[in-house]
Amino acid sequence: MLYYSKPLKTVLNVLTVLFCVIYLFPIYLILTNSFKSRAEMYENMVALPSSFSLQYYSSALEKMNFFTSLKNSLILTIVSIAIIVIFASMTAWMFVRSKNKLSVILFDLLVATMLIPFQTIMMPLMQEMNWIGNNLGIQMTDTIPGLLFMYLGFGAGMGVFLYHGFVSSIPVSLEEAATIDGCNTWKTFWRIVFPMLKPTTMTVIILDVIWIWNDYLLPSLTLKSTANRTIPISTAKFFGQYTISWNEAMAALVVTIIPVVIFYLACQKYIVEGVAAGAVKG
Amino acid sequence: MKIGKGWYALFTAPLMIVFMIVVVIPFIIGIGYSFFEWDGLAKHAATFVGFRNYGEVFKDQQFLNATVRTTIFTLITVVTVNLFGIIFALVVTTKLKVRNVARTMLFMPYLIGGLILGYIWKSVFQEFFLSIDWGNWLTDPVKSIVAMVVVTTWQLAGYVMIVYITGIMAIPADVLEAAQVDGASYMQTLFRVKFPMLMPSFTICLFLSLSNCFKIYDVNISLTGVGPNYQSEMFSLNIYNEIFSLSNFGYGQAKAIIFFLIIAIITLIQVSITKKREVAL
Amino acid sequence: MKKTGKVLAAVLIMAMVMSLMTGCGAGKKSGKITIFQSKTEIMTDLNQLAKDYTAETGVEVEVWETTGDNYYSDLKTGLSTQAGATLFSLQPGAESIEMADYLADLSGLSFVNKIGAGMADEINGKVVGIPYTVEGFGLVYNKNMVDAASIATTGDLINYLKTSEADNPLGLSQEDYFLIAHILNAPFAVQADPQGYLDAVLNGSERMADNDAFIEFAELMEAIRESCTNPVDITYDNNCGDFATGKTAMIHQGNWCTGMFADYNVDFDMSLAPVPVTGNKKISVSVPIAWYVNTDATEEEQKLAKDFLEWLYTSETGKTYMMDKFNFIPVVDGMKNNNLDPINQAVSEAVISGNTIPWVMSNWPAGIVTTDLAPITKEFFTTDMSGIELVDKLNDAFVAAAK
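Protein chains in written order, with my numbering: chain A, 1 to 282; chain B, 1 to 281; chain C, 1 to 403.
Honestly, the hints are just simulated from the structure, not real lab data. Check each hint, because a few of them may be wrong.
[What the hints assert, rightly or not] Just some of the chain B residues that point at chain C, by a computed CB distance under 10 Å:
(1) L115
(2) G227
(3) Q231
(4) F244
(5) S247
[Claimed, not checked] In the DSSO-like style, the derived pairs of lysine-lysine whose C-alpha atoms are separated by at most 27 Å in a straight line are:
(6) B:K275 to A:K198
(7) A:K6 to A:K99
(8) C:K39 to C:K51
(9) A:K6 to B:K194
(10) A:K99 to B:K95
(11) B:K95 to A:K9
(12) C:K32 to A:K71
(13) B:K43 to C:K303
(14) B:K97 to A:K9
(15) C:K51 to A:K71
(16) C:K126 to B:K43
(17) B:K5 to A:K99
(18) B:K95 to B:K194
(19) B:K43 to C:K32
(20) C:K393 to B:K59
(21) C:K325 to A:K63
(22) A:K6 to B:K95
Only a predicted model underlies this, so the values are computations on that prediction, with no experimental measurement involved. By construction, the Cβ of each residue, glycine as well, lies at the ideal position given by its N, Cα and C atoms.
One chain only, chain A, in its complex shape (with noise of 0.2 Å):
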């Protein structure tokens, strides 16, 4: 690490604090405005409200059902990376430490579907899952565990291309040394190699969270009762093709980053940690 003389030190410690803020001016608008009237708005979008009353946001709340909508969108979240993570270090391990053609295609599949943009395989993927709704009786649309399952498939891509690149860069001799000590290959997955993976997790998981915590298109295709709601298809209600209700829309925007926000600021220390503590042991 470089040493930096004191002053220095200060001089970035404000200048970078000063990008920062800048840097977030679009996130103050967002704030500032979650608390102004529409003439309010219109009259000064930059400057700080007129008073900070929370009507819009106890009125937001109320339209958007907020509990249920948060109790779906937690149990969505917290299970689909769960399953992500499990699957995708799983199958990632496995394709670079068994090198056969077969290991190969797949991941350079997985890896080109995330090119797929969604719009253009929703349609067929709605077929399929209705048909298999109709044709086997296994309910796949307007259930949660059914949007779980399509999380799955399209987290495999960027989970299994994060863990892979990682893996890659592990030495294979622990693995060794575990097997000869007895251990099966379930057993010196979930032991050895997943503990090491941890930095990786913690990149799938933040880049995750935010993904399937914003993500309005593939819910609001499957998951139409009212009693399967995210978050984000019961703001949709403010958005009027023309007619945006601004403020309770921003105040809705700031309800549902601030979870976000505190996981990551969570999970912060953990990766630091996480990463310090593997450079210790190896």
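Starting from the known structure of chain A, arrange chains B and C on it as the hints suggest.
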């Protein structure tokens, strides 16, 4: 290390089956539709037209323009996103006091998804810029693309930063110490030691930003839309309008397949180039 | 032991997911209808109405959510995959014709013969669409700044634009429909046979540039570019804000925009005037959106949906919602809305006196406004293209889209 076939299947089959059902089969059905003329409604008959849709795509000047535009946009944005991403990652992995705050703040834009962001930026590029006499950027053919580059960079730089941070943290401390003992300057350490060891992160970030930029949709529709004389229209928006506004489902799918092939070729080239440069540990 | 615990947890989660998935196969339909509709403004009240309806009849009503922009593609995906709602909304015209195979016959509803003339959506002689309301658009003007009586021709209007002292004499805004669709409706609608004229344009036997109404339209658009704030620089929100605060003398808008003025202290009277191409004195009024019943729903569900419509249009509770909560202009005999604002009042009076021209734009080729007309018009407003060139380009787009 030898791993039995049974283990191989146990580890990979569950995910692969789900993946096939959710992504690959619909994609194949989509390819099937590209050979038909169809409006997307199940009750209306689809007519098999062979490769005619594909032939039409290459005569569709509006789509070809969108192709070139999206490619240029992507190339520029991938550079800016990664440049900012790596700078951010380097700053927040220093020992600066504000590093943790900065990390959160820089990542924040990515937390806010969706259209509302496009609308907020729209007021910046339109109202604010008009008020300081910079003109409306969103109706200018070049500046509207620049505006999209700015917004996309703003959103994605924090995203790739996360991956770069993971990479930087994984560089063993002794390697850096050795460099310092040898009297390497900051720049030397950066280019000779850190960057080569960050190659896997580069592979990942370039790929992630490349695919995200090619697929740009939300920012396009909320910020500029199609624009005067289609000057701001990107791939995804063009395909979306073809399928859902104009109801040319088969033709839209043909466009999507070609679009997919183009990105696939470009990104696979990118991945194979950067993969080769990765340093084995 | 800790590691084994993790493995166990993983297996448990897998098992849980699998069991949840198989556990959800059971059917659930027992007197329930689903509603999917695009007017997000009434969403909150509609949800309340659904609850009241269930309390009254025991039939469960579920309202699905959407944003205004995603509605049509969501609806299409749903219908095409046999997963559409029982009751949904469409714009009568190009949209309902495209979806005709999915629209159930509603001729049997008791109030059908009480719907205003020409307002029910009929396809092949059957009533398939029940109108929500009517909407009308034209020049919404500030009475302190504009003397509507003095603007009887396009020449008068252009003259006003050139001499007005307002910051912005006439505001259009950048959104596709507000930029071009609504204002372009006028020259189509003033033709002797609007639908016949549109057909002739689409098959190429008439050129818009040869028609007086469109020549005047071209001149008007040039005058707007010359004398008004460039529409591509203004959003709908700001356009309405400028009007409400007296900076803009008139805006080309409809009765839906009055909700936008609610937060402002509007200190002037306003009204609605026609776009005076070829001396036109009528405003463009039509049914923007109507209810349709999905033929793919089961017989029983279709029956329930029809019962719901029956209730909505004939019961006291239903009527109260339509008039007082949704604030609709009545379209069925026997309904009356007593608290209409001036613009809605103007539309309502125009309907009663028959002083209206149709929305020819509903029959334009589907999707053309967004994919072609708006980009062409934006080009017009950012270059020095002439008005006639604009009309020609629009004409070419119509012909190309009709193919």
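Evaluation of the provided hints:
| no. | hint | in the structure |
| --- | --- | --- |
| 1 | L115 | holds (8 Å) |
| 2 | G227 | holds (6 Å) |
| 3 | Q231 | holds (8 Å) |
| 4 | F244 | holds (4 Å) |
| 5 | S247 | holds (6 Å) |
| 6 | B:K275 to A:K198 | holds (22 Å) |
| 7 | A:K6 to A:K99 | violated (52 Å) |
| 8 | C:K39 to C:K51 | holds (18 Å) |
| 9 | A:K6 to B:K194 | holds (25 Å) |
| 10 | A:K99 to B:K95 | violated (40 Å) |
| 11 | B:K95 to A:K9 | holds (9 Å) |
| 12 | C:K32 to A:K71 | holds (24 Å) |
| 13 | B:K43 to C:K303 | holds (22 Å) |
| 14 | B:K97 to A:K9 | holds (9 Å) |
| 15 | C:K51 to A:K71 | holds (22 Å) |
| 16 | C:K126 to B:K43 | holds (19 Å) |
| 17 | B:K5 to A:K99 | holds (12 Å) |
| 18 | B:K95 to B:K194 | holds (16 Å) |
| 19 | B:K43 to C:K32 | holds (25 Å) |
| 20 | C:K393 to B:K59 | holds (20 Å) |
| 21 | C:K325 to A:K63 | holds (16 Å) |
| 22 | A:K6 to B:K95 | holds (12 Å) |
In terms of the numbered hints stated before, the structure departs from hints 7 and 10, listed from lowest to highest.
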